[in-house]
Structures are given as C-alpha cells and as structure tokens.
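Peer 1: Line by line, the protein sequences are chains G and A.
The letter at position 229 of the first sequence is residue 232 when you use the working numbering, and the numbering goes up by one with no holes.
The letter at position 34 of the second sequence is residue 37 when you use the working numbering, and the numbering goes up by one with no holes.
Just so you know, these hints were derived from the structure itself, not from any lab.
Hints may contain errors.
As the list makes no split between identical chains, a pair holds if one copy fits it or if it spans any two.
To be verified - No more than 20 Å apart at the CA atoms, straight line, and that leaves these computed lysine-lysine pairs for PhoX-like: (1) Lys252 - Lys190; (2) Lys70 - Lys18; (3) Lys9 - Lys196; (4) Lys241 - Lys228; (5) Lys219 - Lys121; (6) Lys210 - Lys290; (7) Lys50 - Lys219; (8) Lys252 - Lys18; (9) Lys190 - Lys290; (10) Lys171 - Lys210.
Protein chains: 2
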Amino acid sequence: MAFETKATIASFGGKLYKLTHQSTETTTPMAVNLYLPPQALTPTPTKVPLLIYLSGLTCTPENCSEKGFFQHRASQLGLAILYPDTSPRGLNHPGETASWDFGAGAGFYIDATQEPWKNGYRMESYITRELPQTLFADATYGAALDASRVSITGHSMGGHGALTLYLKNPGMYKSVSAFAPIANPGKCPWGEKAFTGYLGGDREGWKRHDASELVKGWDKGVDLKALVDVGTGDNFYKQGQLLPENLEKAAAEAGVKGLTVRYQEGYDHSYYFMASFSDDHVNHAAKHLGLL
Amino acid sequence: MAFETKATIASFGGKLYKLTHQSTETTTPMAVNLYLPPQALTPTPTKVPLLIYLSGLTCTPENCSEKGFFQHRASQLGLAILYPDTSPRGLNHPGETASWDFGAGAGFYIDATQEPWKNGYRMESYITRELPQTLFADATYGAALDASRVSITGHSMGGHGALTLYLKNPGMYKSVSAFAPIANPGKCPWGEKAFTGYLGGDREGWKRHDASELVKGWDKGVDLKALVDVGTGDNFYKQGQLLPENLEKAAAEAGVKGLTVRYQEGYDHSYYFMASFSDDHVNHAAKHLGLL
Chain G
4 MAFETKATIA
14 SFGGKLYKLT
24 HQSTETTTPM
34 AVNLYLPPQA
44 LTPTPTKVPL
54 LIYLSGLTCT
64 PENCSEKGFF
74 QHRASQLGLA
84 ILYPDTSPRG
94 LNHPGETASW
104 DFGAGAGFYI
114 DATQEPWKNG
124 YRMESYITRE
134 LPQTLFADAT
144 YGAALDASRV
154 SITGHSMGGH
164 GALTLYLKNP
174 GMYKSVSAFA
184 PIANPGKCPW
194 GEKAFTGYLG
204 GDREGWKRHD
214 ASELVKGWDK
224 GVDLKALVDV
234 GTGDNFYKQG
244 QLLPENLEKA
254 AAEAGVKGLT
264 VRYQEGYDHS
274 YYFMASFSDD
284 HVNHAAKHLG
294 LL
Chain A
4 MAFETKATIA
14 SFGGKLYKLT
24 HQSTETTTPM
34 AVNLYLPPQA
44 LTPTPTKVPL
54 LIYLSGLTCT
64 PENCSEKGFF
74 QHRASQLGLA
84 ILYPDTSPRG
94 LNHPGETASW
104 DFGAGAGFYI
114 DATQEPWKNG
124 YRMESYITRE
134 LPQTLFADAT
144 YGAALDASRV
154 SITGHSMGGH
164 GALTLYLKNP
174 GMYKSVSAFA
184 PIANPGKCPW
194 GEKAFTGYLG
204 GDREGWKRHD
214 ASELVKGWDK
224 GVDLKALVDV
234 GTGDNFYKQG
244 QLLPENLEKA
254 AAEAGVKGLT
264 VRYQEGYDHS
274 YYFMASFSDD
284 HVNHAAKHLG
294 LL
C-alpha cells in the first residue's frame, strides 16, 4: 500500500523521508526511511539509483539514518538510500519481544516456515519484492528512482541479509557490501537460534539462507562485486558470531572472484565503525551503479 | 582530577575516548568524550589543536560524538574534538530533573549565583578553566594536544555557550562557530527561565551572559572569526528561542566584523542539520587554528 510520510528532514542537501506503509507480507504497518539526494530533488531531477541498507539486530530505520553517515557521500554522488525496518512489529506472537536476538527487531531477512513466525515474519519477501515494488510504483518517491539500478548493503544481521539476498537473486542488485556480517549463520549462535526458531531443525535447509553456503552455487570465475569490512576489535567477531573467514574460504574454493574482505584494525561493531567506512561502501555501490 | 578512561573507540582513523573525572567546580563526576585524530596517534605524533564542542539541552557527550560527524573532517585535518557534558549530574537539588530545559542537562554554561544551583552549577568555570587545565595537564591526553590552539563551537544552548564564552574571553579561543545558537537568551523563553533560576531576576546582570549584549563590548572593526548556521525549518527558530537576527544587528551596530550567519533552507534543529554542516564548522576552526 501507499506510503504515508511521517516526517521530511533536510540532510546533506537532500531529504530524508520517514515513511510508513501497510505491508501485505508482514501484515503490519512497516516503517521505512528513504533518503533522496539533491540530484533527485532539483527542478529538473534525474532518476537516481538506490542503495538498500539492511540494519542489524534491534535496529529500526532510525539508527543508521542518524549514525551511519551514508547520506554524506550519497548526497555528493546522487544515490538514494533506503533504510527498512528489521522485522514486523506488534504481531504479539508469544515470545516476540522476549529476546533482543530473535523475534521483533531480529527478522533475519528470511521467510519463516515455523508457527507462529510464518505469520508475518516474511522479511525476505518484503525486502526483495513488496517493498521495492511499492516504492518504485509510488507516484512521488518512485518517480525519483531508477528501478533498474539497485545495490544492497547491511550491517551484522543486515550484512547477512545483504549477502544472502544478493547471492540468492543474481541480477537483482548491481553489487553488495556488508559491515561485520553474520557470514555463516548456520555455524554461529545467533544464526542457530534464529534459524531453529524461524525454519526448524533441518540444518540442510538452512544452507539456502547462509552466505557461506550460497556462494558455493555461483559459477567459477564470476565477479562477486562484494566488499566486506570487519573490525578486529569487534567482540562479536571475536566470539565467532560473524565468521567472515568462512565466507572467504568458501568463495575461494568455489573459484568465485571479486570478494574483498577488509579487517579494520581496532574497530568495533558499532555505528562508529560503520560511519568510518560508509563513504567506501557508497563508493563501492556507486561504481557498480554507474555513478563513478 | 585525572581522567578515567571508560572506553576507547576507533573512529575515522583516530580514537574516541570516553572519559570521566571528578570535577572540583561541579563537585560531581563529569563525563567527557575526547576525539584524537590519527595525526595525534602515529608513532611520531604531532601535537594537534583542539575544538571544544558544547552540546544543547538534554544532551550528554554521546549525542554529538555519535551523530554530529565532526570526526569525519577532523580526522582529515588533524584536529582533536572535546565533547563535554551539559551540566553536573546527580547533585539532587530540588527540581534538578523536573524540566528538560533547566537543571540537569541544561547548565547553560554559566556559574549560577542562586541557591541551590550555585552549588555545582558552575559550567562556565568548568568549561573555561577546570576542564582544559585538567586535560592539557594530563600525561596521556594532554601530551597529544597543543594548548595554545583551541577553538570553540556548539549547538543550541551550546551555541549560546560557545558564543558567550568566546566573547567573554578574548584570546582564549582562536575562532567560534555555532549551530542554531540561543543568540539572545535574555529575550527568549529558554534563556529567561534559565537565567531567572540560575542568576535571579536582575535582567541587567543577565547581559554578561548574552551573546547579543556581549558583542557590543567588542571594538569596532575587530574580526569576530564567527560562523553561525541556522535552519529555516527549525521550529525553535520560528518560535523565537534563537534570535540570530538580534546577534547580527548588535554586531552590525557595534561595527564588529567577521560574523557570518547562514540561514540554511529547510533544515531543522536536529543532528541531521549539524551533520550536514559539521565539515564546514571544522574547516572554519581549522582555518583559524593554522590547519588550513
């Protein structure tokens, strides 16, 4: 359904729109922020490409809009940024708000198959189909966007989301990047908890939602166009929640090219880390979206 | 007293230190964040100049550290940033936490003269003397800083703080800037409430803490080295809490030069506004600190 505009905020010469719309997939109202750069707002605007940013556990569209600093470089290059929410809110499934790493704020960008989560916890369909379709068809906001040029990025759980949705849908996105992604969810505590709850105990089935497994299905020699940053001071990295080495190994063994993983000395898991490198990730997307 | 380092966070190639120290002026522990750019952290560091950022009502050192993006440009130029708190905390004066615009989080960067606030609400002495003296004398952090090169900036109540402390102390700071400052506190509701509570009802005495009055005491023809940004969509500006025109008028009538006030179309009072122009304010300070 159509977007309701809750707020319009000037940011780096463009506008950040705080939107909400009723989602068919989640059966709830969904909040989403959209940043349009100045190039999309001039009296003679050009259609700009879009970078979808998927947030991490507990986050709403606000966190990265305020702290990620993506608008800085996006405003210079003429790139729109979409900040979706991380789950349905308010379905009142039993236990929905009991944990910070499962249920509300922790949709993991998959379509749940287990009761009660299969009702509404359909973030994969929401992010890959309903939200972009609604956005690009919107008379106001869609008119500013080039639906044929979309890239995806994300942080932590959202890095898992970005990598897996990219790897599952060749051609849907022009490039992918991730900050501190959960790169092998089938083998870390966060992923095991979420996949068990949303998908059940069949670990073989989990592989369809695991970047380190999905990459094995790509053709040898293909250019992945993927940039990943991980902080060496990130406690979740140290605890084995992220496992970026497993993604690197799987890509190498599959002969897939174009995966750059950078280990950033001393950086943690926070938005301070992301803000420090968001210019680089916008540049990465911009290069593959024809802006650089 | 010496600083205790509560956290060290990598940010834009430098480090953000979350510090606390026992203040003699406020009689409380005071939180303060310090950003050291990479130039101050190399194996052969150079002493870097310092920009003090004063926050607005309700804020702690965290808000601007996370959302202001001063670190972005400061890291490129080699400028340290100091983010003090906005008041003592935990004195438990009657009514201290009853209002968001008076008491805790609202020290207004003055030394209170009225009971009970004269006990501890001494943010002017804290910001201009105790904090910098403690910092520059610190064996670790002071060694990284050039105490002879300091500028000041701030937002809203902190813009009032930056402008008044600069105007009261010629030579203490190399330049001043402000985002949406309370530029004539003696004539706006926020200032009237705070000054009545902290200073009593003598409006003549208030003028010693009001940028639009203080500027009249500067010599004709002097270069103020002042940059002010105000958003035209700022509700507090529209409500007459900021009154930047009064500062402009007073400076013009006094024949003082070098006050640039920019009215930024459509921007609000938030950190989105500040983040959009913090590069400019860092550049302004850097120019007067010999970095540009």
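Peer 1: All the hints need checking, so say for each whether the structure fits it.
Peer 2: For each hint, the structure was consulted:
no.	hint	verdict
1	Lys252 - Lys190	within (14 Å within a copy, 66 Å between copies)
2	Lys70 - Lys18	both (16 Å within a copy, 17 Å between copies)
3	Lys9 - Lys196	neither (35 Å within a copy, 32 Å between copies)
4	Lys241 - Lys228	neither (26 Å within a copy, 48 Å between copies)
5	Lys219 - Lys121	neither (27 Å within a copy, 68 Å between copies)
6	Lys210 - Lys290	neither (30 Å within a copy, 55 Å between copies)
7	Lys50 - Lys219	neither (35 Å within a copy, 51 Å between copies)
8	Lys252 - Lys18	neither (41 Å within a copy, 32 Å between copies)
9	Lys190 - Lys290	neither (33 Å within a copy, 52 Å between copies)
10	Lys171 - Lys210	within (11 Å within a copy, 66 Å between copies)
Of the numbered hints listed earlier, those contradicted by the structure are 3, 4, 5, 6, 7, 8 and 9.
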